[in-house]
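*Asks:* Chain residues, written in single-letter form:
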Amino acid sequence: GDSVTQTEGQVALSEEDFLTIHCNYSASGYPALFWYVQYPGEGPQFLFRASRDKEKGSSRGFEATYDKGTTSFHLRKASVQESDSAVYYCALGYGSSGNKLIFGIGTLLSVKP
Amino acid sequence: GPKVLQIPSHQIIDMGQMVTLNCDPVSNHLYFYWYKQILGQQMEFLVNFYNGKVMEKSKLFKDQFSVERPDGSYFTLKIQPTALEDSAVYFCASSRLGARSSAETLYFGSGTRLTVL
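So the protein sequences, as listed, match chains D and A. Under the numbering used here, the first residue of the first sequence carries the number 1, and numbering increases by one thereafter. Under the numbering used here, the first residue of the second sequence carries the number 1001, and numbering increases by one thereafter.
In short, the hints are calculated from the structure, not lab data. Mixed in with the good hints, there may be bad ones.
DEER-style ranges, computed between Cβ atoms [claimed, not checked]:
1. G41(D) to E1068(A): 25 to 31 Å
2. S28(D) to T1115(A): 33 to 39 Å
3. T1020(A) to G29(D): 46 to 52 Å
4. P1081(A) to H22(D): 40 to 46 Å
Since we're looking at a predicted model, the values are computed, not measured. The beta carbon of each residue, even a glycine, is placed where N, CA and C say it ideally should be.
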């Protein structure tokens, strides 16, 4: 079945460090890819999405590029802030099945001031 | 952004009792969802719902689970009877009617933490 793999369970950085969180997917069709962010005590919040090969999604300084060749959608940010500390989820979805999203396990980002 | 409200935020019940989790989705959204997240594990899809019907459900959506949205009121998840393994955070989400070619964005509530004793 379709799945999303996030290789980093936890990432610890200092402010102004560069962030990369790896996301790879396995899908039988052509899904849309998403990044969601979850702060403590809240539900996941939509960060951005990309729907086709080579499309770049971005928001709040975060970005990721849909790469069908390597089946990846890695999240990057040039300079993280303490306020970016949260859990980040990569997800894939299909419109034809009622927009069900399949989530990765999540990556806990901790940023020290 | 669009807000999904979930009531209550916490619920503690005894095993075997019935529980109803309530969700007030975004007002112009037509698709509704429930996800389950056990502490420290990934979010898992339970069910989605459109036009009064379950469209798709996962293996986690046991026979003891049911969903409904009577007359445009709350979208509810009912568990009857509850079991210990139902303890988790349940997230409701909603989206507009999706296009065929791409998935719509889901908007999530803050979750209901269910503890079954």
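*Asks:* Quick check: which numbered hints come out false for this structure?
*Replies:* Hint 3 is the one this structure does not satisfy, whereas the remaining hints hold.
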